[in-house]
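S.K.: Line order of the protein sequences matches chains A and H. Quick note: the first sequence uses my numbering, first residue 1, plus one each step. Quick note: the second sequence uses my numbering, first residue 1, plus one each step.
It should be emphasised that the hints constitute simulated quantities derived from the structure, not laboratory data. The beta carbon of each residue, even a glycine, is placed where N, CA and C say it ideally should be. Please note that the accuracy of each hint is not assured.
Claimed, not checked - Stretches of chain A that chain H covers, calculated by requiring three or more beta carbons in the stretch to come under 8 Å of a beta carbon on chain H:
| hint | segment |
| --- | --- |
| 1 | 32-45 |
| 2 | 201-208 |
Said to hold, decoys possible - Cβ pair distances, simulated, as ranges:
| hint | chain 1 | residue 1 | chain 2 | residue 2 | range |
| --- | --- | --- | --- | --- | --- |
| 3 | A | 157 | H | 281 | 47 to 55 Å |
| 4 | A | 61 | H | 252 | 39 to 47 Å |
| 5 | A | 271 | H | 132 | 56 to 64 Å |
| 6 | H | 167 | A | 144 | 48 to 56 Å |
| 7 | H | 278 | A | 325 | 19 to 27 Å |
| 8 | A | 325 | H | 289 | 16 to 24 Å |
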Amino acid sequence: MRASLPITIASAALLAAMPLAAAELSPAVVFDMGGKFDKSFNEGVWNGIERFKTETGVKYREFEVTNETQREQALRRMAQRGADPVLGIGFAQAPALEKVAKEFPETRFAIIDMVVDLPNVQSIVFKEHEGSFLVGALAAATSKTGKVGFIGGMDIPLIRRFACGYVQGVKHGNAKAEVLQNMTGTTPAAWNNPTKGGELARSQFDRGADIVYAAAGGTGVGVMQAAKDAGKLAIGVDSNQNHIHPGTILTSMLKRVDVAAYNVFKTAMDGTWKPGIQVLGLAEDGVGWALDGNNDKLVDAGTRAMMDSLRADIIAGKIKVHDYMSNNSCEG
Amino acid sequence: MDEHFLLAVLTLDATLRVATPLILCAMAGLISERSGIIDISLEGKMLGAAFAAAAVAHVSGSEWVGLLAAVLTGAMLSLVHGFACITHNGSQVVSGVAVNILMSGLTVTLGIAWFAQGGQTPGLGEAERFRPLLWPGTEALREVPVLGTLYRELLSGHNLLVYVALAAVPLVWWGLYRTRFGLRLRAVGENPEAVDTAGISVAWLRYRAVLLAGLLAGIAGAYLSTAQNGAFVRDMTAGQGYIALAAMIFGKWRPVPALGACLLFGFLDALAVRLQGVALPGVGEIPVQFIQALPYVLTVVLLAGFMGRAVAPKAIGIPYVKER
Numbered sequence: 001m002r003a004s005l006p007i008t009i010a011s012a013a014l015l016a017a018m019p020l021a022a023a024e025l026s027p028a029v030v031f032d033m034g035g036k037f038d039k040s041f042n043e044g045v046w047n048g049i050e051r052f053k054t055e056t057g058v059k060y061r062e063f064e065v066t067n068e069t070q071r072e073q074a075l076r077r078m079a080q081r082g083a084d085p086v087l088g089i090g091f092a093q094a095p096a097l098e099k100v101a102k103e104f105p106e107t108r109f110a111i112i113d114m115v116v117d118l119p120n121v122q123s124i125v126f127k128e129h130e131g132s133f134l135v136g137a138l139a140a141a142t143s144k145t146g147k148v149g150f151i152g153g154m155d156i157p158l159i160r161r162f163a164c165g166y167v168q169g170v171k172h173g174n175a176k177a178e179v180l181q182n183m184t185g186t187t188p189a190a191w192n193n194p195t196k197g198g199e200l201a202r203s204q205f206d207r208g209a210d211i212v213y214a215a216a217g218g219t220g221v222g223v224m225q226a227a228k229d230a231g232k233l234a235i236g237v238d239s240n241q242n243h244i245h246p247g248t249i250l251t252s253m254l255k256r257v258d259v260a261a262y263n264v265f266k267t268a269m270d271g272t273w274k275p276g277i278q279v280l281g282l283a284e285d286g287v288g289w290a291l292d293g294n295n296d297k298l299v300d301a302g303t304r305a306m307m308d309s310l311r312a313d314i315i316a317g318k319i320k321v322h323d324y325m326s327n328n329s330c331e332g
Numbered sequence: 001m002d003e004h005f006l007l008a009v010l011t012l013d014a015t016l017r018v019a020t021p022l023i024l025c026a027m028a029g030l031i032s033e034r035s036g037i038i039d040i041s042l043e044g045k046m047l048g049a050a051f052a053a054a055a056v057a058h059v060s061g062s063e064w065v066g067l068l069a070a071v072l073t074g075a076m077l078s079l080v081h082g083f084a085c086i087t088h089n090g091s092q093v094v095s096g097v098a099v100n101i102l103m104s105g106l107t108v109t110l111g112i113a114w115f116a117q118g119g120q121t122p123g124l125g126e127a128e129r130f131r132p133l134l135w136p137g138t139e140a141l142r143e144v145p146v147l148g149t150l151y152r153e154l155l156s157g158h159n160l161l162v163y164v165a166l167a168a169v170p171l172v173w174w175g176l177y178r179t180r181f182g183l184r185l186r187a188v189g190e191n192p193e194a195v196d197t198a199g200i201s202v203a204w205l206r207y208r209a210v211l212l213a214g215l216l217a218g219i220a221g222a223y224l225s226t227a228q229n230g231a232f233v234r235d236m237t238a239g240q241g242y243i244a245l246a247a248m249i250f251g252k253w254r255p256v257p258a259l260g261a262c263l264l265f266g267f268l269d270a271l272a273v274r275l276q277g278v279a280l281p282g283v284g285e286i287p288v289q290f291i292q293a294l295p296y297v298l299t300v301v302l303l304a305g306f307m308g309r310a311v312a313p314k315a316i317g318i319p320y321v322k323e324r
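Take the sequences, apply the hints, and build the full model.
M.R.: So this is what it looks like as structure tokens:
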């Protein structure tokens with residue numbers, strides 16, 4: 001008994017030291033349906049926090065939601081285990097995050113794509129309509145048939161915002177152009193159904209479209225494959241998807257979720273983290289369009305200049321892009 | 001007019017593409033169930049085969065090796081199902097559901113372990129997929145009105161597996177109704193005691209039936225991941241195995257009516273895609289939700305109103321125990 005006393009003291013000291021080490025920073029992220037390798041929205045977040053991990057050496061906890069009932073559990077488990085900040089990805093996590101954030105008022109939470117109005121929550125939303133307007137204008141300038149398509153994931157106001165901005169961009173480029181629109185489904189399964197996405201894309205090609213814009217998470221993989229098979233063009237979303245099929249992806253509407261996710265962790269580490277709402281648009285480089293070695297042959301110099309001036313006009317307020325979510329309608 | 005005709009033909013073309021996995025799975029289920037073994041596991045077999053096809057096609061660089069792997073996977077899962085419910089008289093429904101759950105998890109787990117892309121397989125190149133086959137004379141007939149369009153869009157230009165699915169229907173019909181094996185297969189599903197009394201092994205007959213089912217479901221899986229799409233994605237079967245099962249019951253466990261049911265489901269799906277967001281004269285734009293519910297609503301209406309009684313094979317679901 002006497003011999004074990006020093007060991008007891010040592011282990012007690014070790015235990016006492018543990019919370020200190022943990023207090024450093026233990027961020028956590030809860031991905032949404034579609035999974036962290038959806039090559040799009042969730043993968044963008046993953047890229048951002050991986051960058052944070054390599055730069056700072058701080059590890060993070062993660063969870064991939066594969067079933068709607070897991071969101072609340074996952075967020076609560078993270079908070080219970082002392083994770084801080086806890087980052088929820090996607091609009092659908094808002095109700096769960098709101099509930100859990102109230103239970104853990106000391107823990108910092110952040111959510112991307114939705115607003116949760118609580119003193120310990122940072123909400124990051126994007127002006128997807130502005131970025132979609134730009135790629136719409138590019139589609140109108142590139143289309144030979146005067147018909148372009150849009151394929152959304154789940155039919156929700158957020159995706160309608162993408163569609164609405166895109167339509168405005170297309171009409172700005174070519175007032176006579178026609179935009180065919182499809183939504184993949186009305187349940188979260190619509191984010192991960194490439195077969196359906198491919199079939200929707202083919203149906204739009206059959207009706208004369210030659211460029212489709214997919215704002216559909218993992219479903220977009222099928223859309224881009226169908227575009228490649230049919231020899232047409234596709235526009236990617238969220239992450240830079242130009243590399244998936246070089247020469248087929250006209251551009252990608254960038255939504256810098258990677259930067260947003262990185263900043264949540266980074267500011268929490270620096271102590272500059274603030275609750276409240278952040279709205280990221282063209283002016284903040286929160287959205288944009290992708291031009292790289294995989295698609296520079298598809299966009300000529302004149303078109304590039306046009307895109308630059310459009311971007312400047314939107315930032316300056318000379319072009320007003322209507323936001324679907326401001327009145328739940330694409331008119332106004 | 002021409003444009004509308006072309007759109008109609010293209011809708012039928014899409015019907016074939018969408019119905020292909022349904023047809024293959026319905027035929028698989030039909031063979032198995034006619035021998036008295038319920039096959040809920042079509043979904044799981046198709047999913048496992050889709051993963052095997054995409055993974056092996058990627059590694060080997062050949063869609064044919066992928067197809068072989070898919071067929072073997074389907075057959076292997078059938079053996080698991082058979083071992084549980086033919087050899088050990090287990091519940092066929094429970095065993096089938098077990099296969100479905102197993103495959104839903106195992107494909108993703110293996111995918112993460114092997115390819116580290118979150119359970120997806122890497123995208124397949126042109127040479128690793130089943131590409132559309134252009135029939136001879138497509139170009140020559142281009143100018144012929146109606147027939148040229150039909151030939152070019154509807155008959156020609158599908159990948160090989162679509163034709164395999166269409167050929168499977170008469171083959172299954174012939175096998176079931178015109179061969180000795182088929183007669184015995186049907187008998188074992190209706191009255192296994194009689195077959196046993198005649199000195200024929202019930203278990204061996206049923207094993208052959210589930211193996212054939214596994215083979216067909218395997219082809220369906222390969223179609224999903226190496227022909228229709230270019231990669232395996234988590235849970236990519238999206239319930240098509242169950243829809244095929246419904247189509248088979250809808251077709252009263254007979255090949256040709258089952259084909260009709262599969263084509264109907266495929267057509268409704270293709271039509272739903274095309275009706276979305278289109279303003280119909282006098283009606284206006286139809287809500288997405290309604291369009292997407294349409295195939296299911298029609299199924300219920302057709303099942304309740306027009307089908308009449310569906311009589312399942314008599315011995316279905318009952319393990320055969322030899323009398324002591």
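S.K.: Between residue 278 (chain H) and residue 325 (chain A), is the Cβ distance one that fits in 19 to 27 Å?
M.R.: holds, 25 Å
S.K.: Does the Cβ pair residue 157 (chain A), residue 281 (chain H) satisfy 47 to 55 Å?
M.R.: violated, 29 Å
S.K.: So does residue 61 (chain A) sit 39 to 47 Å from residue 252 (chain H), Cβ to Cβ?
M.R.: Check failed, 53 Å falls outside 39 to 47 Å.
S.K.: For the segment 201-208 of chain A, do three or more residues have a beta carbon lying closer than 8 Å to a beta carbon of chain H?
M.R.: holds (count 4)
S.K.: Does the hinted range 16 to 24 Å hold for residue 325 (chain A) and residue 289 (chain H) at CB?
M.R.: holds, 20 Å
S.K.: Are at least 3 residues of the segment 32-45 of chain A within less than 8 Å of chain H when you compare beta carbons?
M.R.: holds (count 4)
S.K.: Lying within 56 to 64 Å: is that true of the beta-carbon distance residue 271 (chain A) to residue 132 (chain H)?
M.R.: With a Cβ separation near 59 Å, residue 271 (chain A) and residue 132 (chain H) satisfy 56 to 64 Å, so the hint holds.
S.K.: Can you let me know if the beta-carbon spacing of residue 167 (chain H) and residue 144 (chain A) is within 48 to 56 Å?
M.R.: violated, 39 Å
Checked against the numbered hints given earlier, this structure breaks hints 3, 4, 6; the rest are met.
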